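2 protein chains.
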Amino acid sequence: MSSIDNLAQLFMKFPGIGTRQAKRFVYFLLAQDPYFVESLAREIAELNKSIAQCESCFRFYPRTGVTNLCSTCAEDADNTTLLVIEKDPDFDTVKRSGSYTGRYFVLGGTIPVLERDPSSKIRIRELLARIERGAVDGLSEVILALSANPEGDFTREYVAKTLTPLAEKFSISITTLGRGLSTGTELEYSDSDTLKHALKNRG
Amino acid sequence: MSSIDNLAQLFMKFPGIGTRQAKRFVYFLLAQDPYFVESLAREIAELNKSIAQCESCFRFYPRTGVTNLCSTCAEDADNTTLLVIEKDPDFDTVKRSGSYTGRYFVLGGTIPVLERDPSSKIRIRELLARIERGAVDGLSEVILALSANPEGDFTREYVAKTLTPLAEKFSISITTLGRGLSTGTELEYSDSDTLKHALKNRG
Chain A
1 MSSIDNLAQL FMKFPGIGTR QAKRFVYFLL AQDPYFVESL AREIAELNKS IAQCESCFRF
61 YPRTGVTNLC STCAEDADNT TLLVIEKDPD FDTVKRSGSY TGRYFVLGGT IPVLERDPSS
121 KIRIRELLAR IERGAVDGLS EVILALSANP EGDFTREYVA KTLTPLAEKF SISITTLGRG
181 LSTGTELEYS DSDTLKHALK NRG
Chain B
1 MSSIDNLAQL FMKFPGIGTR QAKRFVYFLL AQDPYFVESL AREIAELNKS IAQCESCFRF
61 YPRTGVTNLC STCAEDADNT TLLVIEKDPD FDTVKRSGSY TGRYFVLGGT IPVLERDPSS
121 KIRIRELLAR IERGAVDGLS EVILALSANP EGDFTREYVA KTLTPLAEKF SISITTLGRG
181 LSTGTELEYS DSDTLKHALK NRG
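These protein sequences, in sequence, are chains A and B.
For the first sequence, full-length UniProt numbering assigns the number 1 to the initial residue and increments by one for each residue that follows.
For the second sequence, full-length UniProt numbering assigns the number 1 to the initial residue and increments by one for each residue that follows.
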């Protein structure tokens with residue numbers, strides 16, 4: 001096997017990349033100037049050296065040296081709420097919105113609806129431990145901020161059920177993001193499930 | 001800017017990759033085991049060392065050492081025909097079909113319909129030089145095997161027009177791939193352009 005095929009096989013492991021696009025990536029790299037290719041190889045090789053995973057929220061952050069916590073977990077913030085999100089990019093979205101000032105926890109994925117071993121797909125044990133630690137610090141609400149789709153719904157139900165005994169023990173409430181019309185939605189084009197939630201959550 | 005953003009910006013240069021997918025690639029790499037990431041960085045860094053571009057047909061091939069020609073250009077084949085293809089993967093497709101035994105030339109792309117400087121998008125000068133060399137060796141036909149879409153049509157017209165003086169000088173004919181129904185096509189669902197060609201090329 002040539003190194004074209006070797007590299008294509010590695011690219012095929014990337015999310016959403018099939019055989020054809022993997023090959024296209026390799027030919028694209030072959031056509032680039034050597035400086036670009038060198039930079040890419042170096043950035044990939046050094047990614048793990050400069051990026052660490054936060055011990056508290058599990059998101060990836062630029063390593064700073066002294067602490068094992070990301071800048072957000074290290075700063076003096078509201079300890080009463082914990083926002084559970086699916087993946088790293090969701091953190092940026094929430095942070096940018098400026099509408100949340102509490103703590104974060106990255107669940108690391110969602111659970112496929114037919115999954116037999118749900119706990120293998122997400123950081124549920126780590127979340128339980130985080131809540132137990134949080135309870136000492138005044139945690140009073142866990143917000144499950146997962147996707148509004150079947151997989152997100154299934155994951156939310158599983159997480160809520162698993163957290164319930166611990167939440168009851170420490171009187172912590174488990175909430176979810178409100179459902180309804182997204183800003184910019186025209187009523188004419190909204191699906192019936194969205195409409196159902198919008199009617200239920202009317203204010 | 002963190003190395004997450006740095007690497008995401010490099011991935012955004014990849015064909016068909018936008019901001020979101022570039023970031024997803026970085027988080028995917030952060031979640032992989034170090035062995036995978038190291039292999040990827042190494043394969044990318046060494047790609048150019050093990051792969052060369054053929055001096056005659058311009059396709060990329062595993063470097064073998066002695067010659068600057070790929071295995072297909074180096075072998076003893078039919079010198080009378082030259083098949084002009086758009087890109088490297090097209091070579092594999094033709095080769096696999098087993099229906100062509102002559103020489104190849106990789107044009108390196110197609111020309112966008114509104115392009116002002118068509119010669120900058122494809123290897124037209126290299127093709128002219130190749131044909132001139134080929135004429136000495138008995139080249140009698142150049143087959144333009146480009147895509148059957150507007151950009152392919154535009155490129156084919158441009159290439160045919162540019163080659164004409166040279167082709168006439170050496171009595172080389174310029175042909176294109178036949179157009180008609182693809183195998184498996186149902187007449188009911190074929191577009192009118194395909195049908196037009198199929199009727200014209202009936203046999």
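Hints are computed from structural coordinates only; laboratory data are not their basis.
In this text, all values refer to a predicted model and were calculated from it rather than measured experimentally.
It cannot be assumed that every hint is accurate.
Same chains, same label: a pair holds when it works inside one copy or across any pair of copies.
[Unchecked claim] Each computed DSS-like pair below joins lysine-lysine, with the alpha-carbon atoms no more than 27 Å apart:
| hint | residue 1 | residue 2 |
| --- | --- | --- |
| 1 | K200 | K169 |
| 2 | K95 | K23 |
| 3 | K13 | K87 |
| 4 | K49 | K200 |
| 5 | K196 | K23 |
| 6 | K169 | K196 |
| 7 | K13 | K161 |
| 8 | K161 | K49 |
| 9 | K23 | K121 |
| 10 | K200 | K23 |
| 11 | K49 | K87 |
| 12 | K13 | K49 |
| 13 | K161 | K23 |
| 14 | K13 | K169 |
| 15 | K95 | K169 |
| 16 | K23 | K13 |
| 17 | K13 | K121 |
| 18 | K200 | K121 |
| 19 | K200 | K161 |
| 20 | K196 | K13 |
| 21 | K13 | K200 |
Evaluated hints:
| no. | hint | in the structure |
| --- | --- | --- |
| 1 | K200 with K169 | neither (30 Å within a copy, 80 Å between copies) |
| 2 | K95 with K23 | between (37 Å within a copy, 16 Å between copies) |
| 3 | K13 with K87 | both (19 Å within a copy, 24 Å between copies) |
| 4 | K49 with K200 | neither (49 Å within a copy, 63 Å between copies) |
| 5 | K196 with K23 | neither (45 Å within a copy, 34 Å between copies) |
| 6 | K169 with K196 | neither (33 Å within a copy, 75 Å between copies) |
| 7 | K13 with K161 | neither (33 Å within a copy, 43 Å between copies) |
| 8 | K161 with K49 | neither (37 Å within a copy, 55 Å between copies) |
| 9 | K23 with K121 | between (30 Å within a copy, 21 Å between copies) |
| 10 | K200 with K23 | neither (49 Å within a copy, 36 Å between copies) |
| 11 | K49 with K87 | within (21 Å within a copy, 37 Å between copies) |
| 12 | K13 with K49 | both (22 Å within a copy, 23 Å between copies) |
| 13 | K161 with K23 | neither (44 Å within a copy, 32 Å between copies) |
| 14 | K13 with K169 | neither (43 Å within a copy, 51 Å between copies) |
| 15 | K95 with K169 | neither (30 Å within a copy, 68 Å between copies) |
| 16 | K23 with K13 | both (12 Å within a copy, 15 Å between copies) |
| 17 | K13 with K121 | within (18 Å within a copy, 31 Å between copies) |
| 18 | K200 with K121 | neither (32 Å within a copy, 57 Å between copies) |
| 19 | K200 with K161 | within (23 Å within a copy, 67 Å between copies) |
| 20 | K196 with K13 | neither (39 Å within a copy, 42 Å between copies) |
| 21 | K13 with K200 | neither (42 Å within a copy, 45 Å between copies) |
Comparing the model with each earlier hint shows violations of hints 1, 4, 5, 6, 7, 8, 10, 13, 14, 15, 18, 20, 21; every other hint is respected.
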